[in-house]
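**Q** Sequence:
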Amino acid sequence: MEQCDNTDHQGRRWESMPIDILVKIFLLTNIKDLICGISGVCSSWRLACADSSFWKRIDFAVTPSYYIPMPEPPYVWVASSSDNKVMRLLNYSLVLSRRDITSLVFHINLYLKENHLSYVAERSPHLQQLVLPAWNRISTDCINKAISKWKNLQSLTMPCIRGHQSVMKAIGKNCRNFEQLKIMGGRFDVSFASSISQFLPNLKVLSLRCSVLYEKAVNHIVDNMKHLQVLNLSHCLFVRILPPLGDEEHVSKLDESILVKASCLPSFYTCWAPCCVLCQRMDIDKGDLKWYKCEKDLWRTDEVMSLNYLHEAGLSSLQKQN
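Its first residue numbered 52, the sequence shown is counted upward by one per residue in the working numbering.
Calculated directly from the structure, the hints in this document are not laboratory data. These numbers were taken from a predicted model, which means no experiment stands behind them. Warning: the hint list may mix true and false statements.
Using 16 Å as the maximum straight-line C-alpha spacing, the simulated EDC-like pairs for lysine to aspartate or glutamate come out as follows [unchecked claim]: (1) K312 - E354; (2) K267 - D298; (3) K255 - D274; (4) K267 - D306; (5) K255 - E230; (6) K267 - E307; (7) K304 - D348; (8) K202 - E173; (9) K202 - E230; (10) K220 - E266; (11) K344 - D334.
Restraint-style ranges between C-beta atoms, simulated for each label pair [what the hints assert, rightly or not]: (12) R97 - R238: 44 to 50 Å; (13) Q280 - D334: 28 to 34 Å; (14) R97 - D336: 44 to 50 Å; (15) K136 - E173: 32 to 38 Å; (16) I119 - D336: 27 to 33 Å; (17) P252 - D348: 40 to 46 Å.
Glycine residues also receive a C-beta, built at the ideal position from the N, C-alpha and C atoms.
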C-alpha cells in the first residue's frame with residue numbers, strides 16, 4: 052500500500068506553497084476549519100490563515116448557545132461548556148484577525164456573557180458593523196463600555212431594551228460615523244423613538260421590522276429624523292392609543308396620515324399582506340415573534356439590503372460546510 056504524505060503530485064510540500072496560493076485554497080473552507088484545524092498544521096499555514104481576507108467579517112452563523120429558557124431574568128440558562136466553546140472561538144478568531152475585524156455577526160440565540168463582549172471590544176478597535184440580537188446576559192453598562200471602544204462603528208443590530216437611552220447616548224457620543232440601526236423585536240414606544248432622535252439625529256437607516264410599534268413612536272421618527280433616508284416597518288404590529296382614557300388598540304396598518312409622511316422618505320418599506328409568512332407569524336405570536344418556529348436563518352434577512360445578513364453569509368461564515 053502506498054503511503055500518503057503532505058506533497059502534491061509534483062513533489063512540492065504543502066507547507067512550502069506560496070502564501071497567496073494557500074489563501075485561495077483556504078478560502079474554500081470555513082472559519083471553523085480554519086480555527087480548529089488548518090491554522091494549527093504548520094507556521095506557513097497559520098500565516099496564511101491570518102490573511103485579512105478571512106477576518107474582515109466574522110459570522111458566527113450557526114453557533115447558538117446551548118441554553119434552556121427560564122421564567123426569570125435573564126430568561127435563559129446557558130451551559131458553561133457552551134460559554135467556554137464560544138470563548139475559544141472568539142479567542143482564536145480574534146488572534147488570527149490581528150485586530151483587523153470590521154464586521155461581527157452573532158446568532159440570534161448566541162447569548163454572550165459580559166466577559167465575552169469585553170474581550171471582543173478590546174480586540175476589535177476597527178469594528179464598523181455589529182449584529183448582536185441577544186443581550187440577555189449583558190448589562191447596558193457593559194454595552195456602553197464596549198461602544199466607547201468602537202469609534203468607527205457605523206451599524207448596530209440590537210434588541211429592544213429598557214435601557215435604550217444610555218445606549219443611544221453612548222453611540223452618539225463615541226461613534227461619529229454611525230448611520231444604521233436595526234431593532235429586533237419588542238415594543239418600540241415613544242420613549243425609544245425620542246432617544247434615537249435626541250442622540251442619533253443624523254441616522255440614515257432605521258429598521259424596525261417584526262416589532263410591535265406604537266403609532267406615536269413612528270410619527271415621532273418621521274417628524275423628527277430629518278436625515279433619515281430608509282425606514283423599514285415591514286411585518287410589524289401597531290398600537291394605537293385611544294382617547295380619552297388612553298386605551299390601547301392593536302391594528303395591522305398605520306394611520307393614513309403617518310403613512311403619507313413616511314412615504315416621503317427616499318426608501319420606505321412596509322408589509323402587512325395576509326399571505327406573508329412573517330406577518331402571519333407576528334399575528335399568531337402576538338408580536339413576540341418566535342424565530343425558532345420560522346424558516347432557518349429567516350432572522351438574518353431584511354428588506355434593507357445593507358442590513359440583510361443572509362446574502363452576505365459566504366466564505367466568512369461558520370454556516371458554510373464542505
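**Q** For the pair we were handed, K267 and E307, check the Cα-Cα distance against 16 Å.
**A** Measuring from Cα to Cα gives roughly 13 Å; hence the hint holds.
**Q** Taking only the CA atoms, is the gap from K312 to E354 under or equal to 16 Å?
**A** Violated, because 20 Å separates the two Cα atoms, which is more than 16 Å.
**Q** Within 44 to 50 Å or not, the Cβ separation of R97 and D336?
**A** Since the Cβ atoms of R97 and D336 sit about 46 Å apart, the hinted range of 44 to 50 Å holds.
**Q** State, for the Cβ atoms of R97 and R238, whether the hinted interval 44 to 50 Å holds or is violated.
**A** Given a distance of about 48 Å, which is inside 44 to 50 Å, the answer is holds.
**Q** Has the given pair, K267 with D306, been kept, meaning a C-alpha gap of at most 16 Å?
**A** 10 Å, holds
**Q** For a C-alpha distance cap of 16 Å, please report whether K202 and E230 respect it.
**A** 13 Å, holds
**Q** Does the alpha-carbon distance linking K220 and E266 stay inside the 16 Å limit?
**A** The given pair, whose Cα atoms are some 23 Å apart, is violated under the 16 Å limit.
**Q** Quick one, are K255 and D274 close enough, alpha carbons at most 16 Å?
**A** Satisfied, since the Cα-Cα distance of roughly 14 Å is no more than 16 Å.
**Q** Would the pair K267 and D298 pass a check requiring their Cα atoms to be no farther apart than 16 Å?
**A** 14 Å, holds
**Q** Quick one: are I119 and D336 within 27 to 33 Å, going by C-beta?
**A** About 20 Å separates the Cβ atoms of I119 and D336, which means 27 to 33 Å is violated.
**Q** If you draw a straight line from the CA of K202 to the CA of E173, is it 16 Å or shorter?
**A** Holds - the C-alpha atoms of E173 and K202 are around 12 Å apart, at most 16 Å.
**Q** Within 16 Å, alpha carbon to alpha carbon, are K304 and D348?
**A** Not satisfied, since the Cα-Cα distance of roughly 26 Å exceeds 16 Å.
The earlier numbered hints that this structure contradicts are 1, 7, 10, 15, 16, 17.
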